[in-house]
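A.B. asks: Sequence:
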Amino acid sequence: MPNNMPQAVLFDLDGTLIDSYDAITASVNEIRRIRNLHPLSVQEVRPKVGRGVENLLRSTIAETDLAVDIPRYKAHHAVACVEQTRLLPHAMELLGFLRDSGVRTGICSNKPRAFTSLILNSLEIAGLFDVVCGPEDASKPKPDPSMILVAANRLGIGIHDALYVGDMVVDITAGRAASCVTWIVGTGSDSLETLVSARPDAVFPDLRDMLSRLRIHGLADPSGAS
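By the working numbering, the letter at position 62 of the sequence shown is numbered 89, and the numbering carries on one by one without gaps.
Just so you know, these hints were derived from the structure itself, not from any lab. Don't take each hint at face value.
What the hints assert, rightly or not - Pairwise CB distance ranges, derived in the manner of DEER restraints: (1) V223 / R60: 35 to 45 Å; (2) V69 / D164: 27 to 37 Å; (3) G183 / N63: 49 to 59 Å; (4) R140 / S239: 29 to 39 Å; (5) D233 / H65: 29 to 39 Å; (6) S218 / R242: 22 to 32 Å; (7) P98 / P74: 22 to 32 Å; (8) S239 / I61: 41 to 51 Å.
Said to hold, decoys possible - Lysine-lysine pairs mimicking DSBU-like chemistry, simulated, CA-CA at most 30 Å apart: (9) K101 / K167; (10) K75 / K101; (11) K167 / K75.
Computed from a prediction, not measured in an experiment: that's the story for all the values here. Don't be surprised by glycine CBs; every beta carbon is placed ideally from N, CA and C.
Work out the full structure: start from the sequences and follow the hints.
C.D. replies: So this is what it looks like as structure tokens:
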């Protein structure tokens, strides 16, 4: 194991560790059905994910009434998020490697914490995380950095001893604003080209490539660049 591993790795959830796009699309389409709107495809909903429920509904339902639609969405999603969410390939292997390496782990997601807890428990991975933060724990959702800073503080570590992992430009912006090393995987809502152009500290096609980097190099840049 390399000697420059982070003390903690903080993860986004949707598109980073889990594939929840079918579940989110189903819940969006339930609101659209009630409002007599045609259903959207997963491909149409996917780019709207990752910025919180309010932004999701505003971007997928014209003239949404948030006071009515958010409770409806949450009621439907409490079931859908358990039935239609799966771990992304190599997520369990990565989490196991970090646990075996003595690296602490956390979640920093714009998803309401109640849904995050339901998903982690249904996938039987809740015990692999030392801290779970949602929008309820931060002054603002990501891209504001407060959620990442809160998670590091609850772990009792300095932000420079943490690694943040996400899948969107929102995550890059949040990690950079938190002064946290930020790695990105291309398994979420934004294209690899878009992610590379936003200049995170590293971009990986998937979790397998990220795990390979950690196993061999830790946080070090294998190119030798500073």
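A.B. asks: Now tell me, hint by hint, if it's right for this structure.
C.D. replies: Results of checking the hints against the structure:
1. V223 / R60: 35 to 45 Å: With Cβ atoms ~38 Å apart, the hint holds.
2. V69 / D164: 27 to 37 Å: 29 Å, holds
3. G183 / N63: 49 to 59 Å: Because 51 Å falls inside the window, the suggested range holds.
4. R140 / S239: 29 to 39 Å: Given a distance of about 31 Å, which is inside 29 to 39 Å, the answer is holds.
5. D233 / H65: 29 to 39 Å: Hint holds: Cβ distance 33 Å, inside 29 to 39 Å.
6. S218 / R242: 22 to 32 Å: The hinted range 22 to 32 Å holds for S218 and R242, with Cβ atoms some 27 Å apart.
7. P98 / P74: 22 to 32 Å: Holds - the Cβ-Cβ distance for P98 and P74, about 25 Å, lies within 22 to 32 Å.
8. S239 / I61: 41 to 51 Å: 46 Å, holds
9. K101 / K167: Roughly 20 Å separates the two Cα atoms, so the pair holds.
10. K75 / K101: 17 Å, holds
11. K167 / K75: 18 Å, holds
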